[in-house]
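Enquirer: As a plain string of letters, each chain reads:
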Amino acid sequence: MSQADVAAGLGVSRQTVIAIESGRYSPSLPLAFRIARFFELPVDQMFDPEEEES
Amino acid sequence: MTSTKQQRLTAPAVVLVGGTIIAAAIAIGHGWPNAGFAEAIAIVLAAGYYLLAGSDSDLGAVYGNRADERQVLVVMRASHISMLLMLAIAFVGVVITVALNKNYWQFELFGNAGGFAYLISILVLGAHEEQVLDSHDTK
Numbered sequence: 001m002s003q004a005d006v007a008a009g010l011g012v013s014r015q016t017v018i019a020i021e022s023g024r025y026s027p028s029l030p031l032a033f034r035i036a037r038f039f040e041l042p043v044d045q046m047f048d049p050e051e052e053e054s
Numbered sequence: 001m002t003s004t005k006q007q008r009l010t011a012p013a014v015v016l017v018g019g020t021i022i023a024a025a026i027a028i029g030h031g032w033p034n035a036g037f038a039e040a041i042a043i044v045l046a047a048g049y050y051l052l053a054g055s056d057s058d059l060g061a062v063y064g065n066r067a068d069e070r071q072v073l074v075v076m077r078a079s080h081i082s083m084l085l086m087l088a089i090a091f092v093g094v095v096i097t098v099a100l101n102k103n104y105w106q107f108e109l110f111g112n113a114g115g116f117a118y119l120i121s122i123l124v125l126g127a128h129e130e131q132v133l134d135s136h137d138t139k
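In order, the protein sequences belong to chains F and D. Note that the numbering used here gives residue 11 to position 11 of the first sequence, counting from 1, and the numbers run on in steps of one. Note that the numbering used here gives residue 106 to position 106 of the second sequence, counting from 1, and the numbers run on in steps of one.
Hints are computed from structural coordinates only; laboratory data are not their basis. Take the hints with a grain of salt, since some may be wrong.
To be verified - Per label pair, the in silico range of CB-to-CB distance:
1) D:Ser82 to F:Ser2: 29 to 37 Å
2) F:Glu40 to D:Leu85: 40 to 48 Å
3) F:Phe47 to D:Val95: 47 to 55 Å
4) D:Val95 to F:Arg37: 49 to 57 Å
5) D:Phe37 to F:Ala4: 40 to 48 Å
6) D:Pro33 to F:Gly9: 33 to 41 Å
7) F:Ala4 to D:Gly114: 34 to 42 Å
Just so we're clear, the structure is a prediction, and the values are computed from it rather than from any experiment. Note that beta-carbon positions come from the ideal geometry of N, C-alpha and C, so glycine has one too.
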């Protein structure tokens, strides 16, 4: 699945998908839930706040 | 994200209308040949903005009216930096023109307009946020 496919599925730009992937941008709560739903995973498995803090 | 033609046309239309108004002012003050040159520049700029608005980039998303939440945040940060720069230039302009004993009201106008707009925006947007919270609390 390409970044463009993920971006289209989430309704955001490809640049934002890249920024989230590389950790340069933390998505809002609604977008985080959309991402989790898109990948059919729980939010806490998609995003680990402790990992971001370290 | 895709951009409709109408979304892509907003930025070029604003540039074209603004450029045409400036060209009209140039026609009044400096004659038609200069105005034609200004209008030609406006048309080229509008075409450039149309191409930019369709590009797959942050700038394209912003000018194509399809910015997502991260790009809106980027625009807000960029607007803040731009405002600070304009206020700094206005301040330097006032200092220099006062020192040279020249008219400084133009710089003062820009500085005050920016400063007041900033304060009023905080008041209005802040009050709006409080109202939203109040309405949620009462439920």
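Enquirer: Now tell me, hint by hint, if it's right for this structure.
Expert: Going through the hints against the structure:
| no. | hint | verdict |
| --- | --- | --- |
| 1 | D:Ser82 to F:Ser2: 29 to 37 Å | 34 Å, holds |
| 2 | F:Glu40 to D:Leu85: 40 to 48 Å | 46 Å, holds |
| 3 | F:Phe47 to D:Val95: 47 to 55 Å | 49 Å, holds |
| 4 | D:Val95 to F:Arg37: 49 to 57 Å | 56 Å, holds |
| 5 | D:Phe37 to F:Ala4: 40 to 48 Å | 42 Å, holds |
| 6 | D:Pro33 to F:Gly9: 33 to 41 Å | 54 Å, violated |
| 7 | F:Ala4 to D:Gly114: 34 to 42 Å | 39 Å, holds |
Against the hints set out earlier in the document, a violation occurs for number 6 only.
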